[in-house]
Amino acid sequence: MLMQLTINGASKEADVEPRLLLVHLIRENLLLTGTHIGCDTTSCGACTVLLDGRPVKSCTVFAVQANGRTVSTVEGLEQNGVLHAVQEGFTKEHGLQCGFCTPGMMMTSVALLERNAAPTELQIRQAISGNLCRCTGYVNIVKAIQYASTKMGEAKAEKQPATAGRA
Amino acid sequence: MAVEIGGIGHSVARKEDARFIRGKGNYVDDVKLPGMVYLDIVRSPYAHARILKIDASKALAIPGVLAVITGKDLVPLKLEWMPTLMGDKQMVLPTDTVMYQAQEVAAVVATERYIAADGVAAVEVEYEPLPVVVDPIKALLPDAPVIREDRAQKDNHIWHWETGDRAGTDKAFRDADVVVKQDIYIPRIVVASIETCGMVAKFDKVDGQLTVWMTTQAPHAIRTVIALVAGHLGLSEQKIRVISPDIGGGFGGKVPVYPGYVLAIGASVLTGLPVKWIEDRSENIQADSFARDYHITAEVASKKDGTMQALRVKTIADHGAFDAAANPSKFPAGLFGIVTGSYPFEKAFVEVDGVYTNKPPGGIAYRCSFRVTEAAFAIERLVDILALELKRDPADLRMQNFIPPQAFPYMSTLGWEYDSGNYAGALKLAMDKIGYAALRKEQSEKRKRGELMGIGISSFTEIVGAGPSKHFDILGIKMFDSAEIRVHPTGKAIVRLGVKSQGQGHETTFAQIVAEELGLPVGDIKVEEGDTDTAPYGLGTYASRSTPVAGAATAVAARKIREKGRLIAAHLLEASPDDIEWKDYKYQVKGVPAKSKTMAEVAFAAYTNHPQGMEAGLEAVDYYDPPSLTYPFGSYICVVDIDKGTGEVKVRRFYAVDDCGTIINPMIVEGQIHGGLTMGLAPALYEEINYDKDGNIQGGTFMDYLLPTSMETPSWETGKTTTPSPHHPIGAKGVGESATVGAPAAIANAVVDALAHLGVRHIDIPITPWKVQKILKEKGVAE
Numbered sequence: 000m001l002m003q004l005t006i007n008g009a010s011k012e013a014d015v016e017p018r019l020l021l022v023h024l025i026r027e028n029l030l031l032t033g034t035h036i037g038c039d040t041t042s043c044g045a046c047t048v049l050l051d052g053r054p055v056k057s058c059t060v061f062a063v064q065a066n067g068r069t070v071s072t073v074e075g076l077e078q079n080g081v082l083h084a085v086q087e088g089f090t091k092e093h094g095l096q097c098g099f100c101t102p103g104m105m106m107t108s109v110a111l112l113e114r115n116a117a118p119t120e121l122q123i124r125q126a127i128s129g130n131l132c133r134c135t136g137y138v139n140i141v142k143a144i145q146y147a148s149t150k151m152g153e154a155k156a157e158k159q160p161a162t163a164g165r166a
Numbered sequence: 000m001a002v003e004i005g006g007i008g009h010s011v012a013r014k015e016d017a018r019f020i021r022g023k024g025n026y027v028d029d030v031k032l033p034g035m036v037y038l039d040i041v042r043s044p045y046a047h048a049r050i051l052k053i054d055a056s057k058a059l060a061i062p063g064v065l066a067v068i069t070g071k072d073l074v075p076l077k078l079e080w081m082p083t084l085m086g087d088k089q090m091v092l093p094t095d096t097v098m099y100q101a102q103e104v105a106a107v108v109a110t111e112r113y114i115a116a117d118g119v120a121a122v123e124v125e126y127e128p129l130p131v132v133v134d135p136i137k138a139l140l141p142d143a144p145v146i147r148e149d150r151a152q153k154d155n156h157i158w159h160w161e162t163g164d165r166a167g168t169d170k171a172f173r174d175a176d177v178v179v180k181q182d183i184y185i186p187r188i189v190v191a192s193i194e195t196c197g198m199v200a201k202f203d204k205v206d207g208q209l210t211v212w213m214t215t216q217a218p219h220a221i222r223t224v225i226a227l228v229a230g231h232l233g234l235s236e237q238k239i240r241v242i243s244p245d246i247g248g249g250f251g252g253k254v255p256v257y258p259g260y261v262l263a264i265g266a267s268v269l270t271g272l273p274v275k276w277i278e279d280r281s282e283n284i285q286a287d288s289f290a291r292d293y294h295i296t297a298e299v300a301s302k303k304d305g306t307m308q309a310l311r312v313k314t315i316a317d318h319g320a321f322d323a324a325a326n327p328s329k330f331p332a333g334l335f336g337i338v339t340g341s342y343p344f345e346k347a348f349v350e351v352d353g354v355y356t357n358k359p360p361g362g363i364a365y366r367c368s369f370r371v372t373e374a375a376f377a378i379e380r381l382v383d384i385l386a387l388e389l390k391r392d393p394a395d396l397r398m399q400n401f402i403p404p405q406a407f408p409y410m411s412t413l414g415w416e417y418d419s420g421n422y423a424g425a426l427k428l429a430m431d432k433i434g435y436a437a438l439r440k441e442q443s444e445k446r447k448r449g450e451l452m453g454i455g456i457s458s459f460t461e462i463v464g465a466g467p468s469k470h471f472d473i474l475g476i477k478m479f480d481s482a483e484i485r486v487h488p489t490g491k492a493i494v495r496l497g498v499k500s501q502g503q504g505h506e507t508t509f510a511q512i513v514a515e516e517l518g519l520p521v522g523d524i525k526v527e528e529g530d531t532d533t534a535p536y537g538l539g540t541y542a543s544r545s546t547p548v549a550g551a552a553t554a555v556a557a558r559k560i561r562e563k564g565r566l567i568a569a570h571l572l573e574a575s576p577d578d579i580e581w582k583d584y585k586y587q588v589k590g591v592p593a594k595s596k597t598m599a600e601v602a603f604a605a606y607t608n609h610p611q612g613m614e615a616g617l618e619a620v621d622y623y624d625p626p627s628l629t630y631p632f633g634s635y636i637c638v639v640d641i642d643k644g645t646g647e648v649k650v651r652r653f654y655a656v657d658d659c660g661t662i663i664n665p666m667i668v669e670g671q672i673h674g675g676l677t678m679g680l681a682p683a684l685y686e687e688i689n690y691d692k693d694g695n696i697q698g699g700t701f702m703d704y705l706l707p708t709s710m711e712t713p714s715w716e717t718g719k720t721t722t723p724s725p726h727h728p729i730g731a732k733g734v735g736e737s738a739t740v741g742a743p744a745a746i747a748n749a750v751v752d753a754l755a756h757l758g759v760r761h762i763d764i765p766i767t768p769w770k771v772q773k774i775l776k777e778k779g780v781a782e
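Note that the protein sequences, when read in sequence, are chains G and B.
All residue numbers for the first sequence refer to numbering that gives the first Met the number 0, where the first residue is 0 and numbers rise by one.
All residue numbers for the second sequence refer to numbering that gives the first Met the number 0, where the first residue is 0 and numbers rise by one.
Think of the hints as simulated: they come from the structure by calculation, not from any bench.
Note that the Cβ used here is the ideal one computed from N, Cα and C, for glycine as well.
Among the clues, some could well be false.
[Stated by the list, open to error] Quick list of the computed label-pair ranges, beta carbon to beta carbon:
#	chain 1	residue 1	chain 2	residue 2	range
1	G	GLU27	B	GLU527	53 to 61 Å
2	G	ALA9	B	TYR606	54 to 62 Å
3	G	GLY52	B	GLY779	48 to 56 Å
[What the hints assert, rightly or not] Covered, in the sense of this in silico footprint (three residues per stretch, anywhere, with C-beta under 8 Å from a C-beta of chain B), are these stretches of chain G:
#	stretch
4	24-35
5	50-61
6	147-154
[Said to hold, decoys possible] The calculated DSSO-like cross-link candidates involving lysine-lysine, where the alpha carbons are at most 30 Å apart (straight line), are:
#	chain 1	residue 1	chain 2	residue 2
7	G	LYS142	B	LYS525
8	G	LYS150	B	LYS23
9	B	LYS559	B	LYS589
10	B	LYS778	B	LYS445
11	B	LYS559	G	LYS91
12	B	LYS23	G	LYS91
13	G	LYS91	B	LYS491
14	G	LYS155	B	LYS778
15	G	LYS142	B	LYS491
16	B	LYS31	G	LYS142
17	G	LYS150	B	LYS643
18	B	LYS445	G	LYS91
19	B	LYS491	B	LYS180
20	B	LYS88	B	LYS427
21	B	LYS559	G	LYS142
22	B	LYS719	G	LYS142
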């Protein structure tokens, strides 16, 4: 089947089998290997990408379901040589060790902060509870997301006039 | 100065993060070669069965399926069996019988990953089921079905191992005031690193060169194993290159050689094409090596006043159908002899019997140094049971019995020389930090109200850094490790090591050791591992051995460079070498700080202006044979609350004091402890691999094998004491596994403590809500 999607801002076309999983389209056809595969039951979240801005486990989405839609992967986080605040948070707070769960974990984090700029610790833990990590014990991942939340909040405050957003 | 160079003791940001946060890591499944084909595996639905027929015709009819490989195809190549690290052998593919569910039966090679899976589904296998034995105790009964008909010995007993003074220990028990005894089962678990195992194998038919990209923690040892297993096919060691690229977690599960690896290599040799094999998660859980599965009976003899005198431990070890554990050759039960723990037992006797069952091979580590978790769990549970028996506070009883700091180096009754320790210091710090006295008061008040709260302690001792070559080898290869350092003319350096990081941050910490020793900024030092063509030979990363062994090699190699540099500095400063000292990360003429040379200046001279008669260049290699093992330790205190309705255990607080000797990078050490604690929580409350009586696995996917998520994992609290190892060049001991070793007992002790007043003395892990609720109902306190 012919399909088209926009991935990390670039339009791509592909001729795929109907059964091809989105994660394999991303990794094998589009050669974006930052998105990983850690299980076969939609449990681990290593394959998390954003589909039209919402986090999905790309091992449980057919490639053709992304037809005409927008996909964001870890490779799209850094913009013009500037790290996304979430990427910065993960390294500053030592939120990764082997790095295998990290791309999926970061994509979930980005989606969380898009819909809730200042999550509580419990909200962060709930948001990443579908992403398994075997190395870090999650403590520093929570801190990494808190770091990103603070940094994004500061950046937003700087961009807006001093009075905006204040009651 | 130290801050600028980023030497030992600094939380230097990790070098490896730059690629990982950008999705630019290079894991095995990311390797893609021109013309590469895919291998997938047909697995047995039965735990024990005779194979009557394998019909591959439908699979071979699928366009894109290139080959179906069965055991019979491997016979002419003499590859149907492979040796294990434990002197046993393991089937690569069966010729007639399968011995556990999910065992490899055939391999399908196809042009695409999906077509290989189609091929697997189309291979038709006829089986005749045979009697199954999954319980190792039943496997030892005289009428048990014999699993390994291929052996001369016609029963399921593999080996017997014992250590200590049997007669003296028995006498101590006869004479003791108090004896406590407990059966403890430590269930099968699986490391489940988030990256599964896999390989890309590329055999070049023209020059006979085999290159493999492999998820391995021990690339050099693997190269030798391949040469030994397949040398008769022309794969000699100089033609084998093992590359261990970025590894997505190891924890012991990537030490063994699994049949899939051998099949990928075989398929590449047969087809002449590069072959990729990547496990599914369910294959990883169902067929790869397991940890634990120890049936322990442990007893402690003590005086009335609580002085512990003797320890007796009998264990049945379930090793599955093949003894493919990854222990040093002389230690079939690993370092289980550390079971006397932090206490000066006068007498001890330990015996372990390895047994075959119809399960996948067991006996590998789960983030611990060769059976140390089993040992720590047994002794730390027993101390609590003794405290209960004597109506003593468990902290108080430990304080009374600890090996005192002045007793180190301490020779245990089972023959291990502990390097250094301050056990009371660690426990006292943990008690102060968590507010032990206040927690006991709170518990007592809650108990009056009928609320269930428990406090658990674990004061564990590890034994890591294997090991001295006189005792430690794998397949005869001594367990040294290595480092090679080259300092370039402009004062930059490359360090190559025989170990292999799987997330531990070696690229950063080993650079810090070199920075400290040579005075070069950490950013100027590149660390490279995992390529057998370039790195010096080493035994790899497991059993917390990288820092104790390769870390020592790194420091010693750097000191060799520093010594040569001293001669060059003397030449440059026109002084006698005896008058040159290394101070403030520079060579100085003694007493004349103004006359000095940096390592970078000396390095430049090593290539441009070295003394007459001296070899040019500035490099060194060291193969370090540790004089002894290292003994990290710690004290953990856990607080749990139990829901009387659901039986759910909630870890409210967990304070961990660790002592791993000199700390190279505090941030990385703390991260390792967080992760280790989580892998201690996992078997304590959640993870277990069960089998039904027919040998069917009961939790073979991530849907039912419960790794802790962010919701179950508490916010770990950590503290430290620092007692350097006296025999390690920088005083470091290793830390990657401490928390996994120490945490399960603290959690189990806390749960039992919450229920002790109801008459509960022990609950086998994992302590699931179902088990707790059953107890609450029996005791009439369930809500």
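Here's how the hints hold up against the structure:
1. G:GLU27 x B:GLU527: 53 to 61 Å: violated, 28 Å
2. G:ALA9 x B:TYR606: 54 to 62 Å: Given range 54 to 62 Å: violated, Cβ gap about 47 Å.
3. G:GLY52 x B:GLY779: 48 to 56 Å: holds, 53 Å
4. 24-35: Held - the stretch 24-35 of chain G has 8 residues with a Cβ nearer than 8 Å to chain B, which meets the minimum of three.
5. 50-61: violated (count 0)
6. 147-154: violated (count 0)
7. G:LYS142 x B:LYS525: holds, 29 Å
8. G:LYS150 x B:LYS23: holds, 24 Å
9. B:LYS559 x B:LYS589: holds, 20 Å
10. B:LYS778 x B:LYS445: Holds, at about 18 Å.
11. B:LYS559 x G:LYS91: Not satisfied, since the Cα-Cα distance of roughly 35 Å exceeds 30 Å.
12. B:LYS23 x G:LYS91: It holds: about 18 Å lies between the C-alpha atoms, which stays within 30 Å.
13. G:LYS91 x B:LYS491: holds, 25 Å
14. G:LYS155 x B:LYS778: Measuring from Cα to Cα gives roughly 58 Å; hence the hint is violated.
15. G:LYS142 x B:LYS491: violated, 34 Å
16. B:LYS31 x G:LYS142: violated, 35 Å
17. G:LYS150 x B:LYS643: violated, 42 Å
18. B:LYS445 x G:LYS91: violated, 41 Å
19. B:LYS491 x B:LYS180: violated, 60 Å
20. B:LYS88 x B:LYS427: Roughly 48 Å between the alpha carbons, so the hint for LYS88 of chain B and LYS427 of chain B is violated.
21. B:LYS559 x G:LYS142: violated, 41 Å
22. B:LYS719 x G:LYS142: holds, 21 Å
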